[in-house]
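Residue numbers (this note's numbering), protein chains in the order written: chain A, 1 to 219; chain B, 1 to 219; chain C, 1 to 264; chain D, 1 to 256; chain E, 1 to 256.
These aren't lab readings, by the way, just hints derived from the structure by calculation.
Every value quoted in this text rests on a predicted model; they were computed, and no experiment measured them.
Some clues are possibly wrong.
[Said to hold, decoys possible] With a cut-off of at most 30 Å between alpha-carbon atoms, the simulated DSS-like pairs for lysine-lysine come out as follows:
#, chain 1, residue 1, chain 2, residue 2
1, E, K143, D, K24
2, E, K143, D, K25
3, D, K143, E, K143
4, C, K242, C, K177
[What the hints assert, rightly or not] Derived list of chain C stretches under chain A, where covered just means 3 residues or more per stretch with a C-beta under 8 Å from a C-beta of chain A:
#, stretch
5, 17-29
6, 46-55
7, 174-188
8, 232-238
Don't be surprised by glycine CBs; every beta carbon is placed ideally from N, CA and C.
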Amino acid sequence: MSFPEILVGIFEGFRITAAVVFYGLLFAVPFALVFGILQHFTRGILRFLVTAVIEFWRSSPVIILLFVFYYALPIFGVVMSAMTVSALVLGLNIGGYGSQAVRAALQALDPGQVEAGLALGLRRSRILLLIELPQAIAMMMPTLMNLVIQLVKGTALVSLVTLGDMTFRAKEIAQIEYNPVGIYSGLLLAYFIVCYPVTVIGRWLERRVGVGEGQAHGL
Amino acid sequence: MDFNHAFAIEIVPTILQALHTTLLVAVLSSIGAAAIGFTLEVTRRSGRLAGYAMRFVIDFIRSTPVLAQLYFLFFVLPFYGITLPAMVVGVLGLSIYYSGYLAEVFKAGIDAIHRGQWDAAKALGLSGFDTIIFVIAPQMLRNIAAPMGNYFVSVLKATPYLAVIAVPEMLGSGFDIASDTFRYAEPLVVVGIIFLFLAISIAQLVRLLETRLNAAHNR
Amino acid sequence: ETTRERVLSEKTIVIGVHNKAPWGYRDQNGNPAGFHPDLVRAIFEPLGVTKVELVIADFGALIPGLVASRFDAIASGLYITPKRCELVAFSNPDLRLADAALVAAGNPKGIKSYSDIAANEDLKFGATRGSVQGKNAAAAGIPESQMLLFQNTESTIAALTSGRVDAIAFSAATASKVVSDPNIDGIERASPFTGLILGNGKEKVGHSAVAFRQNDEDLRDLYNERLAELRADGTFDLIMEKNGFSKMEKAPDISFSQLCSGEL
Amino acid sequence: MTEGLPPADQNLAVEASGLCKWFKKFQALRDVDLQVRRGERIVICGPSGSGKSTLIRCLNGLETCQQGQIRVNGRALAPGKNNLEIRRSIGMVFQSFNLFPHLSVLQNCTLAQVRAQKRSKEEAVEIARHYLARVKIIDQAGKFPSQLSGGQQQRAAIARALCMKPGTMLFDEPTSALDPEMIKEVLDVMVSLAEDGMTMICVTHEMGFARKVADRIIFMDEGRIVEEAPPEIFFSSPQTRRAQLFLDQILSSDVH
Amino acid sequence: MTEGLPPADQNLAVEASGLCKWFKKFQALRDVDLQVRRGERIVICGPSGSGKSTLIRCLNGLETCQQGQIRVNGRALAPGKNNLEIRRSIGMVFQSFNLFPHLSVLQNCTLAQVRAQKRSKEEAVEIARHYLARVKIIDQAGKFPSQLSGGQQQRAAIARALCMKPGTMLFDEPTSALDPEMIKEVLDVMVSLAEDGMTMICVTHEMGFARKVADRIIFMDEGRIVEEAPPEIFFSSPQTRRAQLFLDQILSSDVH
Ligand SMILES: Nc1ncnc2c1ncn2[C@@H]1O[C@H](COP(=O)(O)OP(=O)(O)OP(=O)(O)O)[C@@H](O)[C@H]1O
Ligand SMILES: Nc1ncnc2c1ncn2[C@@H]1O[C@H](COP(=O)(O)OP(=O)(O)OP(=O)(O)O)[C@@H](O)[C@H]1O
Ligand SMILES: [Mg+2]
Ligand SMILES: [Mg+2]
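Next comes chain A alone, as it looks inside the complex (with noise of 0.2 Å):
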């Protein structure tokens, strides 16, 4: 096989890589929100129980997750696809992480936003809705694109769970091509075709935060 065969073989696991991300993002985006808004909202032991969510999400090494919820759950009844695992293990830890980006830009809003929506009498669930988070999601829309290639990226572990994505196809080919070379340089330009576009996308994202805003905010 030569290298551009190599390549088109690697990327008949797009489709399944495509999937698990789009899936992931339909977990990941809404954890996101109502975590990152629920911590930065509660107090004592509520919000104690929302950040131990968020670090059991965020802090557990997701090839663990994956082979837990996999291959350990069913013994316990719990039987999910390997699509639904991985979008489920994969979203929730992208999620865990985009909560803090939410929570960061909500925090970084300066208050005299708040109190001016305050004092012109508005409830603090429109002041939420209408004022902070317009400004926070284009605050962090940059954090936001780095996720989704973190995303694209943990794809990379679902063969683990018997998923055909890039990774595994280029297993695959190693199994009928012993040309480790090819391969794995074939894999690195994969990934790269696909997560490139968007982090072009994301520095644009962040030029325009930047200028719009007249100043850089530091996340």
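Add chains B, C, D and E with the ligands to chain A, keeping to what the hints say.
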């Protein structure tokens, strides 16, 4: 194949034997990543051409999975005559991978420093090197303690990947037990809990450091 | 409904493989291939089970995957060992294989046994994590400092071709398949090669079999009945031949229980 | 919650009595009493940290006092609650403008009208345009805050507050973040509001403005109201030594 | 690189000729000429955006001009280079102080002495203590900038610049970020520096200060030097309409 608590406790000492490798790799890689990342970012700022080149290097590193990078370093480089021991490849691989992220963290940290600090240093006749070492870096450290700590946790969590290049770290020793005894749930859960414990300890340390830094120079 | 009833009524059996020729893998057209998948097909087809589905997992994930009901049987060259017997229900053995070592072409380090490697601390040895060869090598005295364990067969081979290790060990079947692969240059089978010598002075050999879940013994018994028929009518020999095994490697007619108890 | 206050007086816009406020252990307000008649214009001044901002932030409930009562248009402020009604009847202009950066100037002015006062979109736009014209930045209505100069931003913030048609306006050093030339733009708008009879409570060090429009000047120090007098008297013969010192310092740096 | 400039004159501290400076397409300086004698005290004023900061930042090379030459103490400034020597001979004080927040006041004053001028640690500390005493904050030497008031911070920044023993001091609106009460502290220090005969170029709107110490007032508008006169003449009879207008606005907001 129920979860056997007695067995889980019995294997803890064996797994802890691999702890020192895991910690050694994590610490060395964190230091390496910070050093390479800082160099990348400072070089990026040093000129227009260097800027574009470093930007691309950083984006390339960030756009490919750590697994693919490790495979590449471990299996491909020897074909070009570079055969490094597994442990060195592991530390180098994680250092390079996370340097791409830390470079971004340093960028944000440096950008957040008021432009006047550069001006003041220049106006006092400090050289570029002195400015970075004595004026910018110490302030940057304070800005980035939190995100940098998060990446150190990530480095720790990434050490299980080194199993693929035969570094005897904790997850690998967990799998060894699993393949000896054919009990998977216990070693993986034990390894997972140790990781969770380590990750949370590091996060807590970082938080402590952060509050100390903030208390020292509260503006 | 037991697994046996389900397999027969749905006419489908799901097998787990670790994607390794000649044991169990997916061929270039995406169909199940390899010695054990062929055997499973030959055994179940006359019973009306027309469909053999493949799930590919890492070797180390095969047993957990079976226990977690991710598939109905492991058909991927698993050896019968007493410890594994505690977790899964093996069929009667089908093949009997010794360990084989692969080395760089010309065997520059002159490796002829596990003990040769153990005796020279400059030599590095590689095996697949969880494989019997890795354990045999350790039992034969190769210390941890000389042993590298890799995630899968390809990595292990890549470690040899890239010069990271001086020798690797597989079952004889895998080794001959690897050596005959036109894509791999520069390595050869160390010959002769002595594996782990047991207390009784004999070389340790492995017996491969198909594995079922422990409470699926009815399915296993059905399989064993059919296996005996195939051994008798010559179909078994054809499947061996098709997958590149020699007659020497046919297991003697013994029962799984003898191997599980460690008698042999 | 209204013990300490006399019965509600229709002529009073804002009443405060016995306000005490602590931040942790630090006491920022000490027993402050204040009565502001409808249409009255009050200027509050005093050294940095004397509690001026804290006082006016308490008046519309942005800070809660641990002791004392506040009544706005006869309604008592409930501590810790979301006093929406009262907040809507008091406009506030901040030192740092606090415009919403993701909304255009017009949207800044209509947001609370539509979402808090349930006006129709059309009505809100009409009112917003009216007040933007009033502060002379109607031509900037479509721009985003970041595209405006400081003076224009502050005028937009004033228009935004006016759109709620508040009975009373609070200003917290509205010109101190501005360049010298822009200060005048904003002061002009404030003078014209004062001339229209708006109730105003204004923290400022612009003594020219104070002299021109204030009915009463309140001088604070260390959380207390130390002196309270009409401007003629305050500037010419401050009663306390602290106010005297303050005036000396604030006026000495400029020479005319 | 010195075409356009007359031969070096030992009596001139700073000479600039034909300076033009663009930010992208926007021209911030238009053909600016300036000669400052040793010991002369210059005040630069003018409306916001007129290029005052840009001009003085050019003088010590913080900005590079696309056209024109600058000579400091007879040495030409090389554009784009790190003119360390020249920078060390000019002290600069910024509007926002720009003290290094992670260093104590004393460390702020010694860092550049040790690293840039290679003085010994002991000598640097001695010099630093001398100048800190000079600006009357020797008792704050061990504190961090965040623990000081604005006026103290600015005085520390002045001491830091003085420690380099510069021939010339540049000030960019040194008091405009300060509270009214603190302005005086800083102006007092500057007046005493002026009395000692230090060459000073100062952007400021403190007209009292200008009147008191300036030998010459330079009025800028739209990147040009529009008017240049001794203070008596500038304040009583500005020659251009633009300067007249500016003076009106800047003086009208305060009343005495
Ligand atoms: N959120 C807070 N937490 C702790 N202390 C506070 C807080 N807000 C204000 N203070 C303290 O309360 C005191 C009064 O503050 P306030 O802002 O009311 O002063 P001010 O008169 O407005 O001063 P300035 O002229 O500087 O604005 C100050 O000493 C200040 O440090
Ligand atoms: N780094 C920059 N990039 C683009 N434009 C700039 C930059 N610095 C200054 N300018 C522009 O150059 C012009 C002159 O700026 P400068 O800061 O010199 O004005 P100034 O007279 O000091 O005003 P102020 O009184 O507000 O400080 C302004 O229009 C400003 O917008
Ligand atoms: Mg205030
Ligand atoms: Mg300026």
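Give me the numbers of the hints this structure contradicts, sorted from smallest to largest.
Violated: hints 3, 6, 8.
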